[in-house]
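Asker: For reference, the chains in residue letters:
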Amino acid sequence: MTDASGRYAAPTSYRNLSGQEVRGRAFLAEPDDPAAPGAPFRDRILRSTDGPLPGVSPELTQVIQRRLVLPVQADRWRNSDLLDNEIRIGMHLVRVFGDGYGYPAELSRLIGYDIDAEQPFVLLAPYRGEPIEQVVRRLKLEQEQAFEAGLFRAIRLLEVAGVVHGQISPTTTRWDGDEEIVQITDFGHASLVGEPRYATGSAPWSAPEQVAGDGNADARDDVWSAAQVVYFVVTGWVARGAAEPQDPSPRGTALRALLGTAFAPTASARPRSMDLLATLKLTDPWPSGAQTVAPRFTEGQRVFDTKLADKFRDERGRASSQLPRRPPPPPARTRKRGLLGWIGNASLLLSYLLGSTARAGRS
Amino acid sequence: MTTPAQPSFSPARAQPPGPQAAEIRCYICLNIIDTDQITYYQRDDQGQETKLDLSTITDRVQLGEVMRTAVVHCPSGHVLPADCVRYEPPVVVGLVGSRSTGKSTLLATMINEIDKNGLRDYGFRATPLTQDRHEEYRKGHVDPLHRHRQPLANTAPASEAIDFADGVLLIRDRDLRQPVIFFDVGGETFENAADRSEADTTRFIQAFSALLFVVDASRLAAPGGYEDQAFRIVQDRINPKSGEAEEYLDKPAAIVLAKADVLRFEPPVARWLGREDRARKLNPARIREESRDIFAFLYQRNAEWSLTPFDVFKKCTLHVVSATGSNAVKVPSGNSQAGGGEYIRDLRPRRVLEPLLSILAMTGVIGTSEAAQVGR
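Quick mapping for you: the protein sequence lines, in order, are chains A and B. Following the numbering used here, the numbering of the first sequence begins with 1 at its first residue and continues without gaps. Following the numbering used here, the numbering of the second sequence begins with 1 at its first residue and continues without gaps.
Fair warning: there could be bad hints in the mix.
Unchecked claim - Listed next, the in silico DSS-like pairs over lysine-lysine satisfying Cα-Cα at most 25 Å (straight line):
id : chain 1 : residue 1 : chain 2 : residue 2
1  : A       : Lys140    : A       : Lys281
2  : B       : Lys116    : B       : Lys139
3  : B       : Lys314    : B       : Lys281
4  : B       : Lys281    : B       : Lys116
5  : B       : Lys314    : B       : Lys251
6  : B       : Lys314    : A       : Lys307
7  : B       : Lys251    : B       : Lys281
8  : B       : Lys314    : A       : Lys311
9  : B       : Lys139    : B       : Lys330
10 : B       : Lys251    : A       : Lys311
11 : A       : Lys307    : B       : Lys251
Stated by the list, open to error - Selected chain A positions facing chain B (Cβ under 10 Å, derived; list incomplete):
id : residue
12 : Ile87
13 : Gly90
14 : Met91
15 : Glu195
16 : Pro196
17 : Thr292
18 : Val293
19 : Arg302
20 : Val303
Don't read these hints as lab results, they were simulated from the structure. Here the structure is a predicted model, which is why all the values come from computation and not from measurement. C-beta: ideal position from N, C-alpha, C; glycine also.
Modelling step: build the complete structure from the supplied sequences, incorporating the hints.
Answerer: Dropping the structure here:
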């Protein structure tokens with residue numbers, strides 16, 4: 001479906017993040033950005049010709065449209081899943097940070113989507129700045145520090161939201177020199193903390209466990225990536241494989257010292273994003289934390305746990321009495337004595353009480 | 001010492017002779033069938049039956065052929081496939097939910113996946129229980145959906161719950177021949193909840209060895225949500241004063257959030273719908289985690305009516321499934337009839353066999369120690 005200029009026709013409707021259909025829009029489509037061969041998506045700018053997009057603040061009159069290229073390949077659903085994931089994680093980020101002025105500039109922002117179109121797509125707010133590939137080794141010293149701070153802030157925000165990007169690299173990181181903001185984009189491979197890792201990304205940008213697809217996603221996966229990106233931007237050096245980059249210059253050595261154990265092969269050995277911010281004497285960009293799970297959902301989980309435990313409570317009680325570790329029950333003799341003892345004590349108590357009543361009566 | 005001559009096969013019981021089977025009941029009227037005194041009949045295309053004399057059949061292959069179309073009668077006269085009495089008592093699975101909840105689409109997709117050897121990794125080979133029933137079912141339900149991408153029309157009320165929709169025989173190595181039959185228990189059966197007697201309610205629950213309660217994610221997602229009267233069949237068993245089940249029923253159940261693709265951007269649904277079982281092994285801890293998340297999700301959406309089976313059935317698991325992968329249907333212009341049209345995308349069934357696997361574990365068909373933990 002092409003328009004007069006031979007481009008794939010611009011959409012006239014999409015769904016907003018509340019799931020409602022927004023219809024009757026008119027966009028002018030720019031040409032597609034150049035794409036690598038085999039790339040699953042095509043990106044281009046859409047300019048709205050009938051005013052800002054409804055319900056979006058700050059106002060937007062243009063958006064990025066990321067389209068899924070069909071027909072899909074041999075692994076037919078992989079690219080669909082990438083687009084689905086952009087939507088799922090994008091929606092999650094908006095839920096966490098709100099969809100107004102409070103949404104952090106450090107993270108790309110989902111505006112809308114349409115998965116039922118002939119070429120399914122998402123709409124994103126225009127990106128900031130330029131891909132950092134274009135600023136490698138060209139930042140002034142103060143800008144370098146601002147870059148480091150900006151990237152650590154960005155991954156801290158991801159951690160607050162419970163999102164692990166998994167593929168922070170020079171192609172998914174942008175630098176806005178005017179505002180001195182680092183922006184992270186492309187959430188197709190991202191997960192929520194704790195979800196099983198799928199083998200994606202490659203060394204040195206993605207952490208070793210991420211590349212291998214081992215274990216569960218951890219916020220410190222992004223710490224590895226951020227450290228590699230910072231190192232690359234400042235020194236131009238890229239690590240060979242899953243290792244520390246080895247610029248022998250004083251700059252490189254100093255930077256490695258700053259980043260400390262950020263290059264540890266396992267997530268659990270790496271510092272957290274807050275630790276990295278602390279080395280730069282910076283504070284938490286989102287100190288109040290964020291609710292990443294609806295309270296009623298957590299309540300529902302508790303209800304489930306309680307009900308399940310109730311169902312099998314009897315069995316658990318019986319099972320525990322059969323455990324060999326428990327001492328054997330006291331022999332019958334002792335128990336009888338105990339019973340007699342109790343009766344004995346009770347009668348003593350009774351006689352005391354009667355006596356004391358009598359005594360009280362007398363005095 | 002000479003061993004007495006053994007017959008090369010036993011017509012009434014398939015090999016190998018296992019422990020004496022539990023009593024076998026007619027799944028329609030629940031009368032017990034005496035398996036020691038059974039008469040088999042051959043049923044032809046016109047429905048005419050002739051008594052079978054199995055002593056004249058000496059060839060095992062020929063016996064197998066004959067048995068595939070043979071039937072037996074229960075004491076009330078209901079006609080059952082022979083394989084329902086030759087092996088383990090059938091697992092009778094009832095799918096419960098009002099019309100258009102996606103039950104029929106789910107069942108058609110489950111049968112299709114089983115036909116494509118979907119249970120192989122769990123140790124089962126599957127063959128149709130009765131050839132002609134299966135062919136009819138494929139022609140009427142499976143092929144229109146999976147070959148031609150046509151949405152299934154709502155199940156006609158008359159065809160619900162009178163006899164089973166389709167059945168399979170699960171075969172595991174030498175030691176198991178397990179019939180599984182599926183009933184589509186639907187809409188109209190439950191529309192007049194007030195008219196239904198307690199006896200009726202009990203019969204429905206008793207007739208099945210396991211129940212699959214289907215919740216429609218697309219109606220849940222619509223403004224205002226919905227409540228399915230079909231679930232009242234279990235609601236009636238809950239003590240109104242305490243809000244607790246009078247006693248837990250010993251048979252297994254599964255609550256299935258169907259058409260879950262509609263809600264696939266919601267975190268708990270996304271987490272489980274996309275999670276293909278890489279290990280292809282029954283994992284009771286994972287099943288419990290999914291049950292917990294889907295329970296919490298339905299609770300969060302104020303759909304507690306859909307959770308009542310959890311209070312009634314002792315072992316009850318929860319699952320997300322998507323039979324088709326998307327809800328997008330292209331209706332040809334000028335066609336305003338519901339049920340027409342074609343799915344826009346290729347069908348992508350997801351996790352459709354998980355509820356059945358859970359039920360096979362909870363009924364003991366999968367007899368491993370892990371399986372015994374499912375539902376706990």
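Asker: Taking the hints in turn, state whether each one holds.
Answerer: We went through each hint and held it up to the structure:
Using a Cα cut-off of 25 Å, the hinted pair Lys140 of chain A and Lys281 of chain A holds, with the two alpha carbons roughly 20 Å apart. Distance check on the hinted pair: Lys116 of chain B and Lys139 of chain B sit about 16 Å apart at the alpha-carbon level, within 25 Å; holds. The straight-line distance between the Cα atoms of Lys314 of chain B and Lys281 of chain B is roughly 23 Å, inside the 25 Å bound, and the hint therefore holds. Annotation: proposed proximity of Lys281 of chain B to Lys116 of chain B holds, straight-line Cα distance about 18 Å (limit 25 Å).
About 7 Å separates the Cα atoms of Lys314 of chain B and Lys251 of chain B, which keeps this hinted pair within 25 Å; it holds. For the hint linking Lys314 of chain B to Lys307 of chain A, the alpha-carbon distance of about 10 Å falls within 25 Å, and the restraint holds. Between Lys251 of chain B and Lys281 of chain B the alpha-carbon distance is near 23 Å, which keeps this suggested pair within the 25 Å criterion. This hinted pair checks out: Lys314 of chain B and Lys311 of chain A have alpha carbons roughly 6 Å apart, not beyond 25 Å.
Between Lys139 of chain B and Lys330 of chain B the alpha-carbon distance is near 22 Å, which keeps this suggested pair within the 25 Å criterion. Of the supplied pair hints, the one linking Lys251 of chain B and Lys311 of chain A holds, its CA atoms being roughly 13 Å apart against a limit of 25 Å. For the proposed pair Lys307 of chain A and Lys251 of chain B, the alpha carbon gap of about 17 Å is at most 25 Å, so the pair holds. Below 10 Å, beta-carbon pairs count as interface contacts, and Ile87 of chain A has one with chain B at about 5 Å; its hint therefore holds.
The interface hint given for Gly90 of chain A is met, as the beta carbon of that residue sits about 9 Å from the closest beta carbon of chain B, less than 10 Å. The restraint placing Met91 of chain A at the interface with chain B holds, with a minimum CB-CB distance near 5 Å, inside the 10 Å limit. About 6 Å separates the beta-carbon of Glu195 of chain A from the nearest beta-carbon of chain B, less than 10 Å, and the hint is met. Restraint check, Pro196 of chain A versus chain B: the minimum CB separation of about 7 Å is within 10 Å; hint holds.
Of the supplied interface hints, the one on Thr292 of chain A holds, with its beta-carbon coming within about 9 Å of a beta-carbon of chain B, less than 10 Å. For Val293 of chain A, the interface hint holds, since its Cβ comes within 10 Å of a Cβ in chain B; the closest pair sits about 8 Å apart. Annotation: interface hint on Arg302 of chain A holds; nearest CB of chain B at approximately 8 Å, less than 10 Å. For Val303 of chain A, the interface hint holds, the least distance from its beta-carbon to any beta-carbon of chain B being 6 Å, beneath 10 Å.
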